[in-house]
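Visitor: Below, each chain spelled out in residue letters.
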Amino acid sequence: MFRFQSLDDDCTLEEEDDGLVEEEDEIDQFNDDTFGAGAIDDDWQEEHKRLAELDERDGAAQPEEAEPGGAEPPSSSAGPPSLPSSLGFPRLPLTFLLEMQTSEREGGSWPTAAAPPQQQRPPGAAAPLAPSVLSYQQQQHLLHRGSAPSAQMNSHSIWDSSLGFGPVSVPPALVTHMEDSPLMSIIKEVGLPKRPLQGRTEEGWDLSERVPPPRSSSPVIGSPPVRAVPIGTPPKQPMSHALNHQIHHPTAVHVRAPVQHRYPPSLPRAPVTQHPPQHSQLPAVPRPVSPRVLSQIQRAQLLNSRGRTLIISVYFQVAGFPRGGPGPPLLPGGGFRPFFGGPPPPHGHRMGPPPPIPPVRHNTTHLHPQHRRLLTQRLQSRGGDRVRSAGDRRPRDPYSNLMSQKEKEWVTKIQMMQLQSTDPYLDDYYYQNYYEKMEKRQEKERDSSRKEHATKLITPQVAKVEHTYRPVQFAGSLGS
Amino acid sequence: MNYVPGTASLIDDIDKKHLVLLRDGRTLIGYLRSIDQFANLVFHQTVERIHVGKKFGDIPRGIFIVRGENVVLLGEIDLDKPCDTVLQQVSIEEILEEQRLQQQAKQETEKVKMQVLKDRGLSIPKADNLDEY
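Order-wise, the sequence lines are chains A and B. Quick note: the UniProt record's numbering has the first sequence finishing at residue 480, numbered continuously throughout. Quick note: the UniProt record's numbering has the second sequence finishing at residue 133, numbered continuously throughout.
Next up, chain B with everything else stripped away, as it sits in the complex (with noise of 0.2 Å):
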């Protein structure tokens, strides 16, 4: 806070831990490195963590350089904590599979509902396609 008081500045998070969720859901794990004025982000040694329910897996990836605009949220991750989780650390093709299947799961229910709604004559817009109006 020492560069800017009163406000919150990402330098104050540089070379540290941080989890930044992207808008179109992944979940980077990563130290980072540089910033500029649109909160571009730049990631070192990123890992990508795909949960699905207890489970989770990384991929690391390595270097990520984030456009600001398609960041959520960003917090950073506190080293020194006990790290007292629940989730459990699976490989990666398992978290793949596992993430498929939920995928799979998603759809068919979606399709589902649109079925539904469509026989009563409403229909929901997607939420992920508004943007793109």
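Excised from the complex, chain A in its bound form (with noise of 0.2 Å):
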């Protein structure tokens, strides 16, 4: 028998059709994966042709399938193509769609089809299918067939009855047909879809083939990632992401018994609960408490008045000890403390001596940007006292560097980027010629007076080979 040959002739020839039917298998494989459990597969000019017959002929015969029991003789003319019997499941909610606008064009009535339409499809009806799932088409085909009662019963029966997935046993008529074929699978993995109580349309269509096909087992496709962080959450910022959840998930939390107020200094996090009437006591609540400390009040009592019967008590500990690495993802620089029902003295015990700022700045980025503001704020202020200006007499401005440090660096940053240029001269030619100038001048005054120079601006120079594009380009392609 002559088979096909490949050009390759290093591959035998049963490799060769190994190959093929592996790499059908895998493309039905992948074929169902995406689009479900019966997807398009050969032959479907022929299906399409038996199709195209069974259509002429129930154009002629719907107008009598137009009472419930009148299905018999038309179904059973049927014959050859007597698809449904050996009808691949459905594969596509589309069936759905089609049978819902099958059942309105027969004038939407819904009877409660007798069960011998069902039951007429002849079960011997096995038309020579090609062992694989019945196309699209065909499904559209035996749709549009009318069989009005039998889709309108289909799909009031599918919507009635629970589409349940257990182990089913395949339809005897279709058994022969799906063997081999890769939904076989599927369906004894998965299941079935449960046929429904009223049985079996006129056609000896199983009812489960109405119902879309089981997910595959394979992993979803095109689903996004599951998310255990909330999309928008900046990182680095374990305080601001903890405040987030819980004021976006207000969960229920325990809080712990107030007696627990003595903190040692690195205190596992203790939640806290809701609990509507305590939110009185806060603001009333006079502790004498380091400013720093009011100020997380104060915050909390912000975020308190935000949510409706949360209450997050967030209670910093201020650090006596420095703080080198980075705090615990969650938890603020300690951890949360219930913060009502605790009598002030522990508070005052623990805050007593407040901690001389050190030098080194800690690693702030756990904590609030208020409270980090409020920190550096402090900081600069105290440098500031420290370093007088003539022309500072103004009050301590409280709302001063809102900007952060970083901010201003950032925009300058890009500031700078701005400037770049490739070259120096051509777009910036009056500042250069006038530095230079300005740097003669200093040489000649300096050889006088030992002055120190004007600080120059160093603009970042974009080298100019780096900019050129070179399109990547292979040996022997067209163009090169």
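The hints are simulated quantities; they were obtained by calculation from the structure and are not laboratory data. Keep in mind it's a predicted model, so treat the numbers as computed, not measured. Where a beta carbon is used, it is the ideal one built from N, C-alpha and C, also for glycine. A hint or two may mislead.
Stated by the list, open to error - One side of the interface only, derived from the structure: several residues of chain A facing chain B at Cβ under 7 Å:
| no. | residue |
| --- | --- |
| 1 | Trp44 |
| 2 | Ser400 |
| 3 | Leu402 |
| 4 | Ser404 |
| 5 | Lys408 |
| 6 | Ile414 |
| 7 | Met417 |
| 8 | Val472 |
Could you use the hints to bring the two separately framed chains together as a complex?
Guide: Written as structure tokens, this is what we have:
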């Protein structure tokens, strides 16, 4: 027998065939994964022809099928193209829509059609179908056949029946045709949708065929990755993240007994509970705590006012110890502490001698930006006190330093980037010349009086070479 | 000037009192709190100052965010300098009234001018519409 020979003589025919078969299986698997069980297979042309015949016949028989019980003759006369018996399992949700359309077309009546029409399907009318699932066109043809009551009933019953998935015996008519299809594996694995009580359609269709195909076992394709953390959570901001988390997901958590007010330096997290009655206590509590903590109280109140019943009492442990590395992921510097119900003295005790502000700035990334701002403000104001400028007679501005150092640097960086130039003498002629003149002048003056150089603006120089774009070229390719 | 020597940057103007003139003619005075690369400005304790003739009135506005493209000019106010001004501060209602009168008078003259030009077959497009084309 002549077999298809590839141009490549190295591989044997057998290998080829095997390879091809394997590829087909893979393709089928991919297909099924993507489109669900029952994707298009070969021989659709034959199927189409058959369906077309069916359609013509049904077109004539349609008026007769109006009555529920009169579906018998047409269906039996369907004969060879009794595809339904060997219909593949429904593969597309489109079938639902089509059914709905057909049912609507027929007047939208949803009679509980008698069982007989369904059972009329000749079980033995197994068409010589390919052992594969029917194509989409086939199903469409079948649906368009009208079989009005059955369609209606099907859809009706589908909506009625619970579409549970479970191990269901494959209708015998189908088994013979479905033996080796990849679909079978899936069906055996997952199970068919349950057959509705009304039984079968007049054409012997299993109502389970009308149901969307069971999900294949392959991993879900195309769905977004599961996010443990909501999108938009800023990284390295454990505090804000925790706050966001709490604000947006107010889950009930338990408060630790107020007794535990002696805080060892590093306590584990103590969750906070929802306590509506306690809410009123917060604003009224005057505590002899350091202003740093007080601001946290204010902030906590702010947060509390946002949520209806959720109370987050955030209590920062003002560390007397230096914190070199980043704090624990979800904790600000210390742990959550029950805010209410605790007597002031323990707080006072701990806050007693406020630690002197160390010259080295701690890692404040985990702190709330407002907290951080206050810290830096204090730092700067204390630093400013030592170096008091002549014109600085203004009282300390509580709103100053809203822009952090990082932000200023960031803006400066952008501005500097905008100054990039490959040819400064071209882009910034006047500044360059001016600076040269100034330098010369200073040289002269320096010879006489040793003055300091004025700072020069050093714009980032862009290397000229790197910016020429060369498209990737392959040897022997067109255009090379 | 310690950030970017040899250039003008708004970084050094932060937390200082400024006067900004906007493209729609408004004058705002406030503390410059924040900027960005587009020269969008965040003003704190902003006051809109309306000048009519020798009179002026202040309308407190709170916090303003000004889009950078709408700024005509921006200048720092030196708080230490003695404030010797001939301008007379009046109440808000009064200054608004003055402003309304001023606008009205201006429109009248403009209308007459346009008419005269039209009679002569000339037309001068309004400057404020030019941006829209």
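Visitor: For each hint given before, does the structure comply? Return the numbers of the non-compliant ones in rising order.
Guide: 1, 4, 7 and 8
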